[in-house]
Amino acid sequence: MRGVAARLLKPFTETAGLARWMLVAGVLLTAVFVVCAVFAPWLAPYGFAQTSSHGVAFPKLGHPSSQHWFGTDRLFFDVFSRVIWGARTALEVVLLSIFFCVAIGVPLGIASGYYGGWFDRILVLVMDAMYTFPSFLLAIVFSFLLTDVYGGSLVAVSLSLTAVYIPQYFRVVRNTTLSAKQATYVEAARAIGASDGVIMRRYLFQNVIQSVPVLGTLNAADAILTLAGLGFLGLGIQSTDAAEWGHDLNRALADAGGGVWWTGLYPGLAIVLLVTGLTLVGEGLNETLNPTLRRRRLLPVVLPGRAASTPAEEEQS
Amino acid sequence: MTMDLTDQTVAPAAGEPVISARDVRVWYGTTRGAIRAVDGVSFDLMPGETLGLVGESGCGKSTLGRGLMGLLPDGAKRDGEVLFRGKDIFSLSAKTAYQMRGRELGMIFQEPLTRLNPLMRISQHFEETIKQHEPNLSKDEIRDRALEVLRLMGIPPTRYRSYPHEFSGGMRQRLMIGLALVLRPAFVVADEPTTALDVLVEAQIVQILNDLRHNFQTSLLLITHNVGIVAEACDRVAVMYAGRIVEQGAVTDVFKNPQHPYTQALLRSTISLTTTGLNFIEGAPPDLVDPPDGCRFHPRCPDAMNVCATKNPVNIERPGGGRVECWLVGPEDQIPPGGQQPLKQEELTVVDEA
Amino acid sequence: MSTKPDTRTDAGHLVDVRDLSVHFELRGGTLARLFARDTGTIKAVDGINLRLRPGEVVGLVGESGSGKSTLGRALLGLVPATSGSIRLRDQDIATMSRRQLREIRRVVQMVFQDPNAALNPSMTVEEAVGDALRVHGMKSAAQRRAGVVEALERVGLSPVELFLSKYPRDLSGGQKQRVVLARAIVLNPTLLVADEPVSMLDMSVRAKILQLMLDLKKDLDLTYVYITHDLATAKYFCDRVAIMYLGRVVEIGPTEEIFATPRHPYTKALLAAIPEPDPDKMVPRDLPRGEIPDAAEPPLGCAFHPRCPEAVHNCGWESRDLRTLIEEHWLRTDAAAYDEEKALIGGLDHLDTPATTATLGVGGSSPVRAILDRMKVEDPDEPLWSGVQSIEDSEPGVTVSFEPAPSPPLRRAGGVDVACVLYPDEGP
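Chains as they are written, first to last, in the numbering used here: chain E, 1497 to 1813; chain F, 685 to 1038; chain L, 38 to 465.
No lab work stands behind these hints, which were simulated from the structure alone. All figures in this text were calculated on a predicted structure; none of them were measured in a lab. Just so you know, not all the hints are guaranteed correct.
As the list claims (entries may be wrong) - Here are the simulated lysine-lysine pairs, DSSO-like style, with alpha carbons at most 27 Å apart:
id	chain 1	residue 1	chain 2	residue 2
1	L	Lys305	L	Lys80
2	F	Lys761	F	Lys995
3	F	Lys815	F	Lys771
4	F	Lys1028	F	Lys995
5	F	Lys779	F	Lys815
6	L	Lys379	F	Lys823
7	L	Lys305	L	Lys255
8	F	Lys771	F	Lys761
9	L	Lys305	L	Lys318
10	E	Lys1677	L	Lys80
11	E	Lys1677	L	Lys203
12	F	Lys940	L	Lys318
Build the full structure now, drawing on both the sequences and the hints.
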């Protein structure tokens, strides 16, 4: 237990200065949204598609008040509740997409790096092509394709995001595998008779995934933005299926002309804060886990006076 | 391969040491505490003399070499006094120290390939080095100087415009030595110059280093873990353990009559062609953050006495000249009563192995 | 541990290596491939014959590029053999499929050089050693643990419980090497190939690990192939020693004989060059010149001849030797003479293509010939001149022809086999 706790706290204990503050700030920010996401049913005063309460209808575009802290929007929804429920949507989609990325990208990367040859070349070509495609455009294309298959559901949107980010995981893992497979311990594994599968699973896997957590966190930040973008264009999740900040921003666009600021500000702020939080966590982790960037915590050294060490002055010069 | 006597820089007055180090300390700060990599080292080096600094991994010899040159990484603090021809180089400004490096103080590293710029020809390497310190020389004069040094190193003039990767390992090391010597520094530190080389090439380089002291009057500090090289190439030897020099003196004397138990154990465990039995040293070098009380070697010493675990040994002159730090040698008058009784020690097992 | 199956071949040998060659293709740059130019081959192992008797320790001694490590790996099937055979147990390792090779891994195991790199950083000691058993079908974790415990005890890592859950980063160099040994013996092998097992350890620990290996040999009835560049440990450890140079065995025989009476000039040089911790011993002065040549284009004739202090006329002199000689000559001339001679000789790069005839010079046959004569007068003992068959005028320079010679095979001489023209066949 102590070992696990120590490893989790390593990013905090082993960094110093800016890196550590970035990490702390990022974790706090993200934690706020995670709490919102997890406890949404209890934290949000109303449902995300609720238009009335106790028989009293919500006002349309109502100002922020004691009953509606963030006001209401043109569809009679309570903005505050939608912001909180939106956190759940965002995190669900992003976690699902990263899960798919890791589940598909990492094994492909290891296999590609290990076997090489034409298999590797083809995969690299495909992945590079996907990577060079403008990410947002790719997300839109996949969103269209998948909506035909899955409808405007959570899974469809997640898979669109997966398509955008999977090349990064593939590349990073493949490159690390390429160098790791030259290590002596891999040769040693072959020498004891391990098959390719065993080598990839037991000898390479744990040693090549160090970059994945950082990548995942930074991807999450970007994915939130992409999701919001898709929502803003009206793609993906519909407003009545779930709360989605991008969608709300889309509707808020028309409101801004009429002096209604609360429908746009709060969802927008939520996006900015969550993305910032995740980015800070990602960069902070990078400083810890990436050995080249890591600045070891150096303490100032105070050399004690001479009395402690053996006097050498009586030596002849 | 014989070498010509070339012109020398102003030699110090005869009898005066080129380098006089007193109580040098280099400590690193870490979260666990300060690593006392070099903890009170003193030695003298005369002109034209080669001092072999020998010890196993982690004893601090490389750190000492870099500390003398001022090439320590961030987070390391050094103090002590190092007089180079009378001037304390530890108290120089960074700029002055920078100017001295190369001109008066030279360094030869272990892996020549990583120290030479792969995009620069050899001629450019020499031009850059010489121009930095003697900007008034013409290009031809620089070329002549460089070719002269290369000749002494056994590198033909046809290779002057080649790139580093076109040379073999031994030739690259000779290039490094040539670059270090071209400005005729008075003091050169060679940090494991032959460790990465094959046996026959190693012997060639040792030959070059041997001739160096006779022909250039350069004082050389040769850092190595190879006891045999020290015997072949050095006049004096300093044995280092856990950040301190435990014994130093003339090579012939120290190797024939080692006084310190670590020196004796080190010589005995060296496997050579005349080895008849396998010897090793139990245990491992101590943690430099918290070294043992008293003599740092006492947990591994087969002849340890009670005083060895409590009082630091005094640095005294050894029979035959040189210095040694060991209570077994003396001074007897400083050993408290009962201190000479053999120390009861825990047996060292595999768990403590190096 | 179970008794070992009888693994001898008919002639009483454990392993019989016949004419083994391992060549690596050099992949040339894009341009070379575009023009279909032959990009070169490295003959890491070039026609080796070796027989191992059960229970003996054979040393493969050589410097870098000698092929000793490649040969060791070929014995395990870790590198594919280009030609020749490695017979073990009536099977030929060189032609085995991957499945068959995995079975061989029970019989032949390897100890690696760098203890820091040879262990998987994310596996504990128990996992690392136990994986050898797991990979060969031992499914029960309890059984594996028992096997691991026994192996760890044999290598002296006790108390065993203390070490089972440690990671490599928690262990010292000597301890890690013991784990590597434990992993190698846990499958009960017959042959252990040790690739420089102690060269990365501190001197104070080397003796311990070597002693452990000797004890294991006795207790477990092992046969060793001990690969090293350090002749001193080879002398102590091995029954027979094979000296290797550029992929070939140049001398092989019983240890005492090799060290008492070294015959091949390379062996003599290796012995003389070992740094002895004896200040009275003088630094050897007639060391071989130059360095190990490029393995992709080994010297013609005897591979050692360009460096050999005892070379004679039929060692296989060629154009590159002439280039080296001229460059060495220029080391001794002053700047003015150098400039003058360089102008007459011109470029020497074309001499890098190995051939028994060399055409050089741009300043006229007579002046060029005069330079060569001058060189001969300066150093009449240079053996290259004895290998020159003729120097003919071919304006604007000269053509030097050398006596072609094959690479000498291993021949019997006294109690050893030597590959050197100085030791011609003793006869049947």
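Do the hints match the structure? See the list:
{"no.": "1", "hint": "Lys305/L - Lys80/L", "result": "holds (24 Å)"}
{"no.": "2", "hint": "Lys761/F - Lys995/F", "result": "holds (26 Å)"}
{"no.": "3", "hint": "Lys815/F - Lys771/F", "result": "holds (25 Å)"}
{"no.": "4", "hint": "Lys1028/F - Lys995/F", "result": "holds (16 Å)"}
{"no.": "5", "hint": "Lys779/F - Lys815/F", "result": "holds (17 Å)"}
{"no.": "6", "hint": "Lys379/L - Lys823/F", "result": "holds (20 Å)"}
{"no.": "7", "hint": "Lys305/L - Lys255/L", "result": "violated (31 Å)"}
{"no.": "8", "hint": "Lys771/F - Lys761/F", "result": "holds (20 Å)"}
{"no.": "9", "hint": "Lys305/L - Lys318/L", "result": "holds (16 Å)"}
{"no.": "10", "hint": "Lys1677/E - Lys80/L", "result": "holds (24 Å)"}
{"no.": "11", "hint": "Lys1677/E - Lys203/L", "result": "holds (23 Å)"}
{"no.": "12", "hint": "Lys940/F - Lys318/L", "result": "holds (13 Å)"}
Taken one by one, the earlier hints fail for this structure only at number 7.
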